[in-house]
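Asker: Dock chains B, C and D against the given chain A, drawing on the hints supplied.
There are 4 protein chains.
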Amino acid sequence: MHGNEPLGIAVIGTGRMGADHVRRIDRVVSGARVAAVADPDAERAEAVAAGIDGCTVHTDPAAAIAAAGVDAVLVASPGPAHEAALLAAFERDLPVLCEKPLTPDAASALRVVEAERALGHRRVQVGFMRRYDAEYVRLKALLETGRLGRPLMLHHRHRNVASPPFFTTSMLITDSVSHEVDVTRWLLGHEITAVTVLTPAPSPGAPEGLRDPQFVVLETDGGALGDVEIFVNCGFGYQVQAEVVCERGTARIGDDHHLVTHADGRWGGPLTQDWTERFAQAYDDELRAWVDTTRRGEVGGPGAWDGYAAAAVCEAGVRALEKGGRVEVELAEKPALYR
Amino acid sequence: MHGNEPLGIAVIGTGRMGADHVRRIDRVVSGARVAAVADPDAERAEAVAAGIDGCTVHTDPAAAIAAAGVDAVLVASPGPAHEAALLAAFERDLPVLCEKPLTPDAASALRVVEAERALGHRRVQVGFMRRYDAEYVRLKALLETGRLGRPLMLHHRHRNVASPPFFTTSMLITDSVSHEVDVTRWLLGHEITAVTVLTPAPSPGAPEGLRDPQFVVLETDGGALGDVEIFVNCGFGYQVQAEVVCERGTARIGDDHHLVTHADGRWGGPLTQDWTERFAQAYDDELRAWVDTTRRGEVGGPGAWDGYAAAAVCEAGVRALEKGGRVEVELAEKPALYR
Amino acid sequence: MHGNEPLGIAVIGTGRMGADHVRRIDRVVSGARVAAVADPDAERAEAVAAGIDGCTVHTDPAAAIAAAGVDAVLVASPGPAHEAALLAAFERDLPVLCEKPLTPDAASALRVVEAERALGHRRVQVGFMRRYDAEYVRLKALLETGRLGRPLMLHHRHRNVASPPFFTTSMLITDSVSHEVDVTRWLLGHEITAVTVLTPAPSPGAPEGLRDPQFVVLETDGGALGDVEIFVNCGFGYQVQAEVVCERGTARIGDDHHLVTHADGRWGGPLTQDWTERFAQAYDDELRAWVDTTRRGEVGGPGAWDGYAAAAVCEAGVRALEKGGRVEVELAEKPALYR
Amino acid sequence: MHGNEPLGIAVIGTGRMGADHVRRIDRVVSGARVAAVADPDAERAEAVAAGIDGCTVHTDPAAAIAAAGVDAVLVASPGPAHEAALLAAFERDLPVLCEKPLTPDAASALRVVEAERALGHRRVQVGFMRRYDAEYVRLKALLETGRLGRPLMLHHRHRNVASPPFFTTSMLITDSVSHEVDVTRWLLGHEITAVTVLTPAPSPGAPEGLRDPQFVVLETDGGALGDVEIFVNCGFGYQVQAEVVCERGTARIGDDHHLVTHADGRWGGPLTQDWTERFAQAYDDELRAWVDTTRRGEVGGPGAWDGYAAAAVCEAGVRALEKGGRVEVELAEKPALYR
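Protein chains in written order, with UniProt numbering: chain A, 1 to 339; chain B, 1 to 339; chain C, 1 to 339; chain D, 1 to 339.
Here chain A stands alone, though its shape is the one from the complex (with noise of 0.2 angstroms):
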């Protein structure tokens, strides 16, 4: 790549979130183009390009990657082809946008810590998009600034309408908390050491079964503490809250007030209904600011630490919940690339 050409993208898995993606570099941002798609569902993969000017369709990741023109990854394949896919990303030295998870579990993502440790330089972003959202970087501005002294709690609420058929009573740690344990890393700057994972008697509006809502509290080293509602079949709207509690003051985002109506006795508004309404903007945003860093030669955002630390911490979130009372997390040494 050089010049004023646009970045050419092989993006890997082409279902929900590798199609949108494709449609996102294909109509959305400027500077990019998808060079190629790859797909086990060769048809598919073939209905995701159609129409795309020289866009080469495979069913084998490393051949996208291969494939003349691509010039970086975007991982949105299911989690467990990541750590592949991303290795060999690594071996033609390509940058790579790799949807979150980063790896399933904690041990395959420091393999991929390590992948990268190896090359030398940094070549990965995870896609923790919250980071990109415009309500989470007021607020760590905010923090930033100090107005408001140092942070010593952090409240957040994470409510979906209905969770999908597959999901189940460890997801709501490792599919859902895990953006909140990204984000209390990212806002705090803080590692977390141990998670706490309390139930209440499940919600008659979930699944047989599923032990939902959950209550988890988060401790840090930085001796602040976090804790998450998570309720994936809240049945009423597509909430995320976080509250920082500060020495001198708290923030707060989240509040849903676009629309304000007086009608029928009540007062208040809708309620968002699901992510892709929520962060529609954080996910363009993402994708913008990765295709242009990478077109600087730069790599920022969340990278293979980040999903490490969030793996690891969901492992731990996971023993918490199964066997009750407080899990320390244990993490490697944090190698000086990340630092």
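In short, the hints are calculated from the structure, not lab data. Since no wrong hints were added, every one of them can be taken at face value.
Calculated lysine-lysine pairs in the DSS-like style (CA-CA distance at most 27 angstroms, straight line):
hint: 1; chain 1: D; residue 1: Lys140; chain 2: D; residue 2: Lys100
hint: 2; chain 1: C; residue 1: Lys140; chain 2: C; residue 2: Lys334
hint: 3; chain 1: A; residue 1: Lys323; chain 2: C; residue 2: Lys323
hint: 4; chain 1: B; residue 1: Lys323; chain 2: D; residue 2: Lys323
hint: 5; chain 1: A; residue 1: Lys334; chain 2: A; residue 2: Lys140
hint: 6; chain 1: C; residue 1: Lys100; chain 2: C; residue 2: Lys334
Answerer: Below, chains B, C and D without anything else, positioned relative to chain A:
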């Protein structure tokens, strides 16, 4: 009245408002008792007085005012009966709390002003109870700090769920907007000099023939502008909102944010449905303040001049409604007693 | 006491709280009078009683309770003196409004419960005045409609500008969180079965040595979870917020939205600064309700069992604070009198 | 233009607005490229075009419009230059996005309407970008559901921190209120029939001689009323709010609730400080929509008739401001092309 004796009050009129004041004096406010009641409907008066020790019942207001143990008078009869009751109280030099309007028109109100001036000291407090509402009190206090600078504009919203059957087009001005007239004078410390009334196409929700909503523009001798949306058949709730726009900031009251729910795809809260709910506390506080100041031999709150000025502005408003365009308000010279 | 006579009340303790109750009985609430006061500091008691007709002054609580014209007792002395005053009132079978805590520990509170049970009927109302706050009352009423489904979680925020000089780490539980303990039991109708207390690094704004803020997790016998952020040196305002998460929706109280300004680059409003401002109305309403029910020969509101249960939960909370981890609450069997 | 080729755009005018559009085409919006720029200030045009592959630089707008690779025209020059640029584009039958105002007065705007009518099909989209703002779009969508009934009144607030040095009293109407004029027409689907302008005593915060704030009342042919508070030196923030009052409810946009803090005795949040921050997304979305529809060979959004109608209403507004009272709006007959 002397020492710790409760203030003996004659209540003139035992309709909805009068009966409510009797209850308030008897059960809620300390330091006062109902000494006499008067109503042309003797049965109604008897029912209201039942069970109140030492309360005499009359059909003639003057007789109630002259009854033993009466230290003060509360006038809650229909507007056209106010003037006679006020003059009867003046005759005995008794303090009066007179429900709004002071009298139904500017000419009669001016006669009351003249009579009180002849008395040589203030005796009347008019029942503009919004001046005792906690939110208006906060707004007034903020304006008086001068922190926001000089008030330039004042936006009012005044909405009722539905108007009573006897409500007429001009009563939107004389019965409803009269509150905003008083509040504008009180908050700004200005007199109102001109009124314009605009009427959009009536709401299908209003009774046939009623011009509802209306939009009223008030000009003041301090160069400020007030505007009032009055909508007495809005269907959804009772709302009284005010926003003062000053040279360095604005201040707003009247949001109804006491209980916030998230359910059924919406956030928000219930709307207050009528004035008894919205202003219950203001009525209590008004009566408590009147009893306290009266026991101390003082007179406070809005006086006869305020009742007269409101009547004069509303008369101009009704003319503006009928003939269109801007109508100037003509006020008598303000007696020294009220300065 | 009979007929329309005001209720004669002996007020035990004339410190800040007692003096305020004397004022309330004398000046605000109708139907009651201060018949006697007692305080070891005779001078203070004399000052508080000055100007109240027929109020006798005592240094011995029992003497005040036995004084002529005493129909009921209000206990506002320091906690350790409550038990004796309650027993003295029981001896004369008088109704009592006892400021919180009922007594300082679970053992003594249980003795009061036993003594009342021996009496054979309820005599005690405990001063958990949040049950009379308009916002909590609305929240309770909403939960009782069942519209939101079963409560699953209850999030509390309780923040003070600054703690008084004598405040200790365990008083965050016994003095502050005790309110949330009662409110949780009342709102949910559950007993609390276990307590966990977590402490982040203390705020630099807190006095040296005070573990402030704390984060308390309550488990209930109905399978619900409560959590409390208690932060008594937050510096910015007095906040009491509660959010109930039910199976079909949430409901929140405690926003402070009475006056909204736009100025200096910011929108928003002033924060309440202390509990006397936030709960003034609740104290008035509590006392009015107690006087009314007592005059009717009834007993309502939170009783001795509620005082005992709060003491037992707080004791478990202090143990959890001291030793870490989760501590189960042990409650005596609930006497039939309180069912 | 054909196939997947990006749309080649000639940008006329490279001042603040033009340069920003060049950046947007080049860096933000996919599917378009800057093919030519024109500005009388050649140096400024060169600077803006620097680093854009294949972008030619002109001092004559007509030359830029005629340049190779130009498929469409974006007019961002000062208002008086719009008419000539539009006619030049019409000559080549090119689609145009023309920044507001279409032209500076109703007579010239009507000439553009006539020229487009002579062309026989719509070519012009006017840059009323509020129609692309997410909040206005939500408000419009809600009104179209009919859930709130027919709109009766529309209250606008439009506040700027400070006006630029060249701002005149009539520019509050032509430059600022012109947005509310368009939005009123669009939201209600009515034409505006009369304008009244009231001016309170000017704010001490406004430059000497500027009548700021002003209060504008709009009447529509659908029987609705609009009112606009325009205050361009309010000092505290940039606010654009709209509240529609319908027969069964109201709907409001423009609250600024993205980040709520509690600190320093206050709750609330920062206010947006200028329109580039408030409407950045609307500008992006407007340009993206124009590029997309243009590539599909379609024309959407506000057209030349909307530009003309706004100019006619603003002219009436300026006369109302100058002479006082109510001024009727005179509109030409609407050509069939725009129905």
